[in-house]
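Spelled out from the first residue to the last, the chains are:
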Amino acid sequence: MAKRFQPGIVSANDLLSGAVIYLAKDGTWVSSMAKAEFITDEARAAARLTLAEGQPEIAVGPYLAPADDTDAGPVPNHFRESFRAQGPSAPARKSWGQAHA
Amino acid sequence: MLDAQENPTRSYLDRRVAEFRSQVQRRIDGALTEDEFRPFRLMNGLYLQLHAYMLRVAIPYGTLNADQLDVLAEVSERWDRGYGHFTTRQNIQYNWPKLPDVPDMLARLADVNLHAIQTSGNTIRNVTSDPLAGAHADELMDPRPVAELIRIWSTDHPEFQFLGRKFKIAVTGSPSDRAVTKAHDLGVRIVTRNGETGYQILVGGGLGRTPVVGKVIREFLPKADLLPYLEAVLSVYNLAGRRDNKYKARIKITVNEMGLEAFSARVDEAFTRIRPAFSGADQTLLEELQSAFAPPVLPPRDTGGFDAARRADPGFASWSDVNLRDHFADGYAIAMISLKPHGGVPGDASAGQMRAVAQLARDFGHDEIRVTQEQNLVLPHVAKADLPALYARLKAQGLATANVGLASDIIACPGMDYCALATARSIPVAQQIAETLADHEIEVGEMAIKISGCINACGHHHIGDIGILGLDRAGVENYQITLGGDAGTDMRIGEKTGRGFSYDEVAGAVERLIHAYLDLRDEGERFRETLARTGAEPFKAALYEEDTAHAA
Numbered sequence: 001m002a003k004r005f006q007p008g009i010v011s012a013n014d015l016l017s018g019a020v021i022y023l024a025k026d027g028t029w030v031s032s033m034a035k036a037e038f039i040t041d042e043a044r045a046a047a048r049l050t051l052a053e054g055q056p057e058i059a060v061g062p063y064l065a066p067a068d069d070t071d072a073g074p075v076p077n078h079f080r081e082s083f084r085a086q087g088p089s090a091p092a093r094k095s096w097g098q099a100h101a
Numbered sequence: 001m002l003d004a005q006e007n008p009t010r011s012y013l014d015r016r017v018a019e020f021r022s023q024v025q026r027r028i029d030g031a032l033t034e035d036e037f038r039p040f041r042l043m044n045g046l047y048l049q050l051h052a053y054m055l056r057v058a059i060p061y062g063t064l065n066a067d068q069l070d071v072l073a074e075v076s077e078r079w080d081r082g083y084g085h086f087t088t089r090q091n092i093q094y095n096w097p098k099l100p101d102v103p104d105m106l107a108r109l110a111d112v113n114l115h116a117i118q119t120s121g122n123t124i125r126n127v128t129s130d131p132l133a134g135a136h137a138d139e140l141m142d143p144r145p146v147a148e149l150i151r152i153w154s155t156d157h158p159e160f161q162f163l164g165r166k167f168k169i170a171v172t173g174s175p176s177d178r179a180v181t182k183a184h185d186l187g188v189r190i191v192t193r194n195g196e197t198g199y200q201i202l203v204g205g206g207l208g209r210t211p212v213v214g215k216v217i218r219e220f221l222p223k224a225d226l227l228p229y230l231e232a233v234l235s236v237y238n239l240a241g242r243r244d245n246k247y248k249a250r251i252k253i254t255v256n257e258m259g260l261e262a263f264s265a266r267v268d269e270a271f272t273r274i275r276p277a278f279s280g281a282d283q284t285l286l287e288e289l290q291s292a293f294a295p296p297v298l299p300p301r302d303t304g305g306f307d308a309a310r311r312a313d314p315g316f317a318s319w320s321d322v323n324l325r326d327h328f329a330d331g332y333a334i335a336m337i338s339l340k341p342h343g344g345v346p347g348d349a350s351a352g353q354m355r356a357v358a359q360l361a362r363d364f365g366h367d368e369i370r371v372t373q374e375q376n377l378v379l380p381h382v383a384k385a386d387l388p389a390l391y392a393r394l395k396a397q398g399l400a401t402a403n404v405g406l407a408s409d410i411i412a413c414p415g416m417d418y419c420a421l422a423t424a425r426s427i428p429v430a431q432q433i434a435e436t437l438a439d440h441e442i443e444v445g446e447m448a449i450k451i452s453g454c455i456n457a458c459g460h461h462h463i464g465d466i467g468i469l470g471l472d473r474a475g476v477e478n479y480q481i482t483l484g485g486d487a488g489t490d491m492r493i494g495e496k497t498g499r500g501f502s503y504d505e506v507a508g509a510v511e512r513l514i515h516a517y518l519d520l521r522d523e524g525e526r527f528r529e530t531l532a533r534t535g536a537e538p539f540k541a542a543l544y545e546e547d548t549a550h551a552a
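Line order of the protein sequences matches chains A and B.
Mapping of the first sequence onto our numbering: position 74 corresponds to residue 74, and the numbering continues sequentially without gaps.
Mapping of the second sequence onto our numbering: position 364 corresponds to residue 364, and the numbering continues sequentially without gaps.
I should point out that these hints are in silico values taken from the structure, not numbers from a laboratory.
One or more hints might be untrue.
Claimed, not checked - Far from chain A, by Cβ distances over 10 Å, these chain B residues were calculated:
#, residue
1, G30
2, T33
3, Q49
4, A52
5, F271
6, Y418
7, P428
8, L518
9, A532
As the list claims (entries may be wrong) - Each computed DSS-like pair below joins lysine-lysine, with the alpha-carbon atoms no more than 27 Å apart:
#, chain 1, residue 1, chain 2, residue 2
10, A, K25, A, K3
11, A, K35, B, K215
12, B, K168, B, K246
13, B, K248, A, K3
14, B, K246, A, K3
15, B, K223, B, K166
16, B, K98, B, K215
17, B, K166, B, K246
18, B, K215, B, K246
Unchecked claim - Residues from chain B shown here face chain A by an in silico Cβ test under 7 Å; the list is partial:
#, residue
19, E34
20, L99
21, P103
22, N478
Backbone N, C-alpha and C define an ideal beta-carbon position, used for all residues, glycine too.
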């Protein structure tokens with residue numbers, strides 16, 4: 001049985017920086033998920049993925065990520081996408097350069 | 001110590017960098033698709049992770065000199081975010097490189113003979129070894145010349161560039177296995193028999209989704225047979241290993257499905273065929289390597305200052321109790337440098353810290369630095385007389401945490417903070433546990449807590465006293481706990497306890513386990529010994545006490 005379609009957004013990684021990017025309604029790539037196009041039907045999702053896959057010089061590994069829609073734009077509904085959207089939860093520099101008492 | 005290794009040669013590294021530079025350019029220009037480019041970037045240690053690319057650089061057998069560590073620091077500042085992450089396989093990873101910069105990074109690394117070749121892909125990976133090699137009092141023989149011989153043989157070996165899956169080799173020269181050889185596809189242990197030096201060979205070990213303890217395939221392999229025998233093992237695996245299913249493609253599965261005896265028979269057959277091709281040039285090279293790795297000259301030094309400093313400074317006394325290991329030379333010690341400050345990211349070092357350690361190696365450590373499988377650094381040859389000064393300078397850099405081998409010396413993979421394969425976070429779990437246990441870890445004593453953020457087990461959770469595996473259970477992070485693993489000479493896989501714990505519960509669960517251990521242990525008993533004596537039940541009762549309370 002085919003996997004049931006879930007509404008969401010198209011995401012990928014930027015070719016040059018590797019950063020997380022999202023496909024906006026106007027076909028540009030943005031770094032904020034809130035500005036991504038929220039896709040509610042399967043045909044539209046397929047079309048947007050095709051568009052994304054046609055831009056290998058910008059987007060690496062585009063895929064449809066399930067999300068929820070809110071007044072402030074799409075938000076992640078799984079923790080993996082939350083971490084992708086927010087960056088590492090552990091501040092790398094927390095303890096650097098401090099002497100230990 | 002090898003200063004200017006001839007293998008791989010500089011011209012070879014230059015060619016590889018130039019080749020990759022042109023591949024990167026063709027990818028950026030659109031001449032290569034991502035599918036076409038991916039194998040090229042992986043051949044050069046470049047992954048695409050959650051938020052960025054990641055470049056993995058090999059530190060062969062975990063040995064660096066000060067100039068090399070300085071360049072690792074410089075690379076992190078010029079092209080990354082000013083820090084590096086030391087891994088459980090003696091590599092360093094940069095978490096934020098930009099694709100167009102990677103060829104420049106590799107070119108700079110090549111200046112000091114470092115590279116990222118075979119740090120990814122289905123090839124023979126970085127050959128790892130005992131981080132205390134050539135220094136520890138209990139060592140039979142320095143394993144690094146053998147590790148270097150294997151590295152030279154395996155680098156760019158034409159037959160083994162497209163194996164069914166990755167292949168990891170570790171070498172130890174000590175009866176205390178500090179190289180986790182039993183968790184490797186192939187382990188080499190230097191042994192003696194009737195006064196003759198040779199090798200015990202292990203195959204088919206590994207962690208991951210199917211943890212297997214490596215099996216002895218040869219009790220005693222004569223010295224001159226090492227490379228042809230390894231080539232025989234690899235060639236049998238290359239042909240017989242499965243390629244239909246990625247998860248069944250490691251040699252551990254080949255050995256288990258074929259049976260050790262049948263596998264061994266095929267290796268012997270291949271060995272008979274291959275052996276004559278090795279005319280002895282490898283043994284001449286090994287002899288040269290042995291003299292290149294000769295221990296530094298260690299003049300006798302007075303230890304009076306060391307003893308006085310221990311009496312005068314409780315911080316130094318505590319650090320030297322916990323972080324020093326026995327050196328073979330009187331008046332010297334092995335200094336372990338913790339990259340696990342309480343609440344810090346396990347294995348991370350800033351550029352400033354790397355430079356400081358490099359300078360300490362020049363000033364006090366005979367220009368040698370080691371990287372451990374536990375994600376710490378080591379100065380292997382320090383006169384005890386220099387330790388108070390060393391300690392003061394480490395302290396100024398936030399590098400003097402006295403916790404090596406203790407509960408907060410936690411191995412943690414990058415987990416879902418960085419890794420695209422992860423199913424849960426590891427680093428913040430390690431941070432919480434370290435902060436929770438910091439106050440009583442001296443009382444607890446030796447304790448290995450290891451955390452992996454997915455079933456691939458880069459955090460070695462199977463072989464920790466307490467192992468933690470982070471999984472995605474119905475869209476929520478869930479942490480499964482195993483008990484009684486052992487990474488040592490008699491490696492043992494830990495056993496699962498019961499239901500997993502949520503992200504918010506896991507540090508508390510580990511704390512309950514530690515308290516149960518303190519209550520249950522007899523004097524001088526390590527965690528795994530108490531567990532063996534009492535069985536898992538009292539520990540499970542501590543873990544699940546709330547469940548029991550609710551049921552009552």
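Status of each hint after checking the structure:
no. : hint            : in the structure
1   : G30             : 5 Å, violated
2   : T33             : 5 Å, violated
3   : Q49             : 7 Å, violated
4   : A52             : 4 Å, violated
5   : F271            : 43 Å, holds
6   : Y418            : 6 Å, violated
7   : P428            : 5 Å, violated
8   : L518            : 24 Å, holds
9   : A532            : 35 Å, holds
10  : A/K25 / A/K3    : 25 Å, holds
11  : A/K35 / B/K215  : 55 Å, violated
12  : B/K168 / B/K246 : 16 Å, holds
13  : B/K248 / A/K3   : 26 Å, holds
14  : B/K246 / A/K3   : 23 Å, holds
15  : B/K223 / B/K166 : 26 Å, holds
16  : B/K98 / B/K215  : 42 Å, violated
17  : B/K166 / B/K246 : 10 Å, holds
18  : B/K215 / B/K246 : 22 Å, holds
19  : E34             : 5 Å, holds
20  : L99             : 5 Å, holds
21  : P103            : 13 Å, violated
22  : N478            : 11 Å, violated
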